[in-house]
Amino acid sequence: MRLSVNGADVFAATGGKEFDPNLPTVVFLHGSGLDHRGWALQTRWFAYHGYSVLAPDLPGHSLSGGEPCASIEVSAAWLSEFLDAADVKAAHIVGHSQGFLTALEFAKNNPDRVLSLTAIGTAAAIPVNQALIDTAKDSAAKAAHMMVNWGFGPGAHNGASAVPGMQPIAIGRAIMSRNPLAVDLQACADYQGGSDAVQALGNIPGCCILADQDKMTPIKAGLKLAEAMGVSPTIIKGFGHMLPIEAPRETLNALRAFISSVQNQAAA
Amino acid sequence: MSNSSFYKPSTIALHTGYSPESDYGSRAVPIYQTTSFAFDDVSDAQSLFNVERGGHIYSRISNPTVAVLEQRLAALEGGSGAICTASGMSALYSTFTTLCSAGDHIVSSAQIYGSTATLLRHTLPRFDIQTDFIPINDAKALEAAIKPNTKLVFCESISNPGMEVSNLPEIARIANAKGIPVVVDATFSTPALCRPIEHGANIVVHSVTKWIGGHGTAIGGAIIDGGNFDWGNGRFPEMTEPFAPYHGMRFWEEFGPNCFAMKVRSEAMRDLGPAMAPQNAFLILQGVETLNLRMQKHVENTVALRDWLLEQDAVTWVNHPELESNASADVAKSLFPNGAGSMLCFGVTGGRAGGTAFVNAVQLSSHLANVGDSRTLVIHPGSTTHSRLDKDALEAAGISEDLIRVSVGLEDIKDIIGDFSKGLKAAARATS
Ligand SMILES: Cc1ncc(COP(=O)(O)O)c(C=O)c1O
Chain A
1 MRLSVNGADV FAATGGKEFD PNLPTVVFLH GSGLDHRGWA LQTRWFAYHG
51 YSVLAPDLPG HSLSGGEPCA SIEVSAAWLS EFLDAADVKA AHIVGHSQGF
101 LTALEFAKNN PDRVLSLTAI GTAAAIPVNQ ALIDTAKDSA AKAAHMMVNW
151 GFGPGAHNGA SAVPGMQPIA IGRAIMSRNP LAVDLQACAD YQGGSDAVQA
201 LGNIPGCCIL ADQDKMTPIK AGLKLAEAMG VSPTIIKGFG HMLPIEAPRE
251 TLNALRAFIS SVQNQAAA
Chain B
1001 MSNSSFYKPS TIALHTGYSP ESDYGSRAVP IYQTTSFAFD DVSDAQSLFN
1051 VERGGHIYSR ISNPTVAVLE QRLAALEGGS GAICTASGMS ALYSTFTTLC
1101 SAGDHIVSSA QIYGSTATLL RHTLPRFDIQ TDFIPINDAK ALEAAIKPNT
1151 KLVFCESISN PGMEVSNLPE IARIANAKGI PVVVDATFST PALCRPIEHG
1201 ANIVVHSVTK WIGGHGTAIG GAIIDGGNFD WGNGRFPEMT EPFAPYHGMR
1251 FWEEFGPNCF AMKVRSEAMR DLGPAMAPQN AFLILQGVET LNLRMQKHVE
1301 NTVALRDWLL EQDAVTWVNH PELESNASAD VAKSLFPNGA GSMLCFGVTG
1351 GRAGGTAFVN AVQLSSHLAN VGDSRTLVIH PGSTTHSRLD KDALEAAGIS
1401 EDLIRVSVGL EDIKDIIGDF SKGLKAAARA TS
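As given, the protein sequences belong to chains A and B, one line each in that order.
Here my numbering is used: position 212 in the first sequence is 212, and no number is missing along the way.
Here my numbering is used: position 363 in the second sequence is 1363, and no number is missing along the way.
By construction, these hints were calculated from the structure, which means they are not laboratory data.
Any given hint might turn out to be false.
[Unchecked claim] In silico SDA-like links for lysine to any residue, alpha-carbon gap of 20 Å or less: (1) 215(A) with 1007(B); (2) 1008(B) with 158(A); (3) 17(A) with 1245(B); (4) 142(A) with 1007(B); (5) 17(A) with 1045(B); (6) 1178(B) with 1145(B); (7) 17(A) with 1044(B); (8) 1008(B) with 149(A); (9) 17(A) with 1050(B); (10) 142(A) with 1006(B); (11) 17(A) with 1253(B); (12) 17(A) with 1250(B); (13) 142(A) with 1200(B); (14) 17(A) with 1048(B); (15) 220(A) with 127(A); (16) 17(A) with 1046(B); (17) 237(A) with 1019(B); (18) 1008(B) with 155(A); (19) 17(A) with 1247(B).
Turn these sequences into a full structure, and let the hints steer you where they fit.
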């Protein structure tokens, strides 16, 4: 689906179904340099099982126009406008990596718009090596190469793919190479508000899905986040940072269990 | 951050796409000799059909043994995904028909394999897909041949039997600037010698029947998606418009860098059905495991035989991509630093009669219509592989009557040379 947000033409995947703002909505926010395609194997399930789905390409990424958001604060403000444009009052928000920082900042500022908050392969702060940011400024392709090296776990490095015949590392690299990776990484590095935002979450239901082989946002930091959020994390073993792509089924199962329990409680 | 955790080609050839944990610890890739795969329950079946999750349904569309080969070849080529097919020809047919509909146009090198030429010249025009053939390294000709309805530029990495090396970076630069993908049949080079995607190609096709399988035991093909083409550029509605059989899915939107491979899987494999048999995938995987080693030896023998042939009185000319007499020698040197394959052609004294005497006299070398076996193969194309082409087309494909084509095998080079000595003596006798 295409929407106009702040005058820019924005693309959001809807999981293969027409978007219906009257259904409970799940919003999926991608990580640095990525796009909606990383969520392909989660969005379709939700769209076909009673939810509406929005997986936007953030401004300046892949199929979306506009300038990339220069900070997490800017992307959180953008998310608010995006939901307005889609006519969504409140949604379950799922964020991978940088996408979670945006979700967190958004939840701090708009608690009444967040039905639940899910963190995947992430932490309350994502410090980024300056050398990587500098490389990304020089060449997104070079930085993407480094990112997929660190970002994907041992299975993907051995060519494993949830979709027969495909190569997730090459797909991830191709997407990141063409997106504003330097801006994204700088936004992650600059964001200091995570811990405070976690404290401000109040009683928004939360979920943490972590990978034990994550080298981008090491699980230690993820476990701290889970503790601060007061949730017991789901740890997916044997996979790296790119959980939604590397371990789509395990990620979906954890998400399904959490979001449907929140829905059931709301209905009860 | 270093590159160290990316496996190198020899390691990829042995491991990628399979790990023993899942299959009783089986170290070799198991052969999943099955037509179909049981669903866990109805909702599992629904989720597979609805592409909510990846997996196998029916072996015409995908199969775990074949998928290992696909993932391994994609990784070796540096592509985003691969689809294996029943033959090299079905890989080409599936590629062309995934990209072209009636009314569309292809620009092809004039120097291509005989059956591919027939497919483009005779079969596809029946479905109103027309091809113009050009000297592929002529930049002006390429530029001029691309029309508004052109959907792809096609060439072979090394042509057969002209031994012309396609100048991939230049071809890709011209075609991509006009929003057209470049499809390369890289059968003659294999990823051990050249990775066309790194040189700008967008889709790589192989007859894995040849060097990749490498032992002359199974027919097969592969299509590798380079993941480096912008299918959203407005020229490819088949990638951007809703695809009715998949609930109106838009492939570019849904998959991006691997949308071409996914489209081949969803349309050609599903509706045309050129599936690779799992047993053949296994045989070809055996070949892939030693591809790098074999190609080194193929190249070494080829260079030695080439240099020996150049000194023989009964040999009128030798064509190999690295020889200065080959118009694409400079391109060969830059694209194939580790050797330009194991094919060479030469002329024997005595024209057609000499050629016939040569192939009749050799004993170790097999006279047959194949290339890329572990054994040395010889053929006289004018009377066999390219016999269906008329004289003009033969000349355009760079074939003369005295031409002997050799696919140099892995035998001891002394024995190959001994065998060729016999053939050349017979050719000389036939002339005198
Ligand atoms: C360059 C090239 N491409 C394609 C093919 C067709 O492959 P197959 O025989 O596997 O269908 C061949 C077969 O000789 C070939 O040499």
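Review point. Which of the stated hints cannot be reconciled with the structure, identified by number in ascending sequence?
Key: none
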